[in-house]
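Asker: Keeping the supplied structure of chain A fixed, place chain B upon it in accordance with the hints.
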Amino acid sequence: MVETLKTVWMSLTRRWPLVYTVAALVVAAATYGIRYHEPRALFWDENYHIASAQKYLDGVMYMEPHPPLGKLLLAFGEWLLDPNAGKDKSRFVRVDYIKDADLPPDMSFAGFRLMSVLCMILAAPFFFRTALNVTGNAHLAAAATVPLLFDNGVIVHSRGAMLEGIQLFFLVLALWYFTRIITRGRPVPWWRYGLLGFLVGLVIAVKVNGAVLLLLFPALFGWAWWPALRAGRWREPLAALPGAAAAATGAIGAVLLAVMYVHIALGQTVVPGKTYRASPEYLELIRSGRSASLAAFVVGLRDNWLYMRDYADGVPRLDPCKPGENGSHPLGWPLGNKTINYRWAKDTVDGRTEVRYLYLVPNAAGWFSAFAGVLLGAALLIAALVFGLRPPDGRRFAWVVLFTVLYFAYMAAILQIERVMYLYHYFVPLLFAWLNLAALGAYLFADQTGTGRRHFYANLAAFGLIVLLVYWHFSPLTYYRPLTEGEFALRQWFDFWKMAPVR
Amino acid sequence: MKWHWNRNTVFSLILAAAGWWVIDHMIPPHVSGPLKVTVSKNNAPILDVHQPRAVAYGKTLWLDTLELESGSRLRHPKLGEFGYVENFFLDVETVLDVRKGGLYRFTVGSDDGFALYVDGRLVCEYRGDRPLRYDTCSVALEPGHHRFKLSYFQGGGNSGLRVTYVAPEGERARPVGEDSEALRFLPPQDAT
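Protein sequence lines, in the order shown, are assigned to chains A and B. Per the numbering used here, residue 2 is the first one in the first sequence, and the count goes up by one each step. Per the numbering used here, residue 16 is the first one in the second sequence, and the count goes up by one each step.
The shape of chain A in the complex, shown without the other chains (with noise of 0.2 Å):
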């Protein structure tokens, strides 16, 4: 027996990396699945995001900001499920937003909620993979994504019917990709770049700000010809250029019009009084049933974009002044500034308050790594554009220099933006310095990272046990769980998280 163990034990050993990919799959099913259909209550966003879904499923038309994809995958989940057959939910398309007071008897969130969750119990192996791909190593990949599998605050928000869950899915399989390009070597058909493209059209697809992928494409390009490039043989790469940029456009532009091709395509009725921006050709194109049709495409496509035109000029802007403001400046967002009630129940049991909250609150410890991590990160491009530092290894340091300029210019092109943005709009800038973590860990513990290195691999262990229990601690705000004032109070951490009880 023993020996049989031993025997399973030393096979495991030596498939480390399968073994931890098949781990992450287990650990985000228990992280971000248990019970995600709870509680049986509208949060956030859900209340526009499930009445936008639920017409799609009626066949209704409807306009709305953000690019369609994420609320097409939404329906695709309640429409796979069908947890709500035979259910009222008629009031769903007559409004853009619902309230709890619209919701059908026992009203089940197990398909709206779907595909965000499922999404992101499909990233953590793809992020471990990329984890992996950018280090070399399987226990620095593995301690890398632990962040990702215990964060509180991209938990507790992919467990509703939101589009980040699905967008970070995509992102993570962008990166994915692009990072194993990078490790099967040079050199990269045009073809490639259309498959990025692809996955990176995707991303967009859910939410614009997904665009800072599109520095990926210049990145991969010049890593592809940097061997010609630096000898100065610029003829290759700009005979190169038009087919790479080809593809990945048209892979990005094929991938938009079809999603709202689909979006437009299902839009085949009209409720009264709710034509939004749609012309008088689009509405008629509707009546006569020829919403599927290239005509339809066409002015559909006008008027959608005139819409989200219009709808973004009309969002309004942070107002700290403003009692009870859920907004914050993105300058802030590292270290969590601030965080989200996004619901709360208080019950009074024999004189015993006890709340129950879903709250935004980033997990500390990964949060806080992660944003030491791209300062140094910076720290190390400036001392090289700078101070002339040459790194002893380009490979890994490169990886660095990408995460973190991918991270500020994330931050960068936010900080231009003028409507009221939220602390999860960080998930996406979140997850470059993750990577980039993982990176760093790579490129300055280079010599440690060898059988035998004990000190090392113990000191990514204690991370990862620092990011579960704080994980632990928060669990009861990210699960509905109830809590008492004084253990509220516990985990009122920082003032600046501007975290307030519900007395």
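Treat the hints as calculated values from the structure; they're not laboratory data. As the structure is a prediction and not an experimental result, all values here were calculated from the model. Nothing false has been slipped in among the hints.
Here are the computed lysine-lysine pairs in the DSSO-like style, where the Cα-Cα straight-line distance is at most 27 Å:
(1) A:K347 <-> B:K93
(2) A:K499 <-> A:K339
(3) B:K74 <-> A:K347
(4) B:K164 <-> B:K51
(5) B:K93 <-> B:K74
(6) A:K499 <-> B:K93
(7) A:K339 <-> B:K93
(8) B:K51 <-> B:K115
(9) B:K164 <-> B:K93
Answerer: Showing chain B alone in chain A's frame:
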């Protein structure tokens, strides 16, 4: 075995500091002291510290000090707030173990009202609702044990309670609950 400082050592130290900080912030604060505090949530609005009580529920705590005001809220420095926002009573009981007889001066800052008793005798009070204001009252105490009782109420709005004493020939005010050469505080059941 010779110890070498290297990047891993620095990494370990950072992790140890982070781990210590995290664990320290996860452990619920614990306070034990000689002050028996009964918190009683009232069913009806409270306008007077002496009004008949309609207690819905309550709890008993043991505190170390009566420095219970921070940011215009009734708060203990470690335990935080008391769980109720409005319409509750706080009754504090302890035993004064007087070692040096003489005139003791108590200063009670309260938002809202209070009533202070020593050996069952009313020493001073402010019966109604008010913002944080201070009252000073003196009482002559012989060496030996004396029962101390303070009733406080919070009606609505801001809240807070600060009670200090100055011993005979004492140089500075100390919070009630903090021992001095002249006076010790004993839990009620320990006093004989």
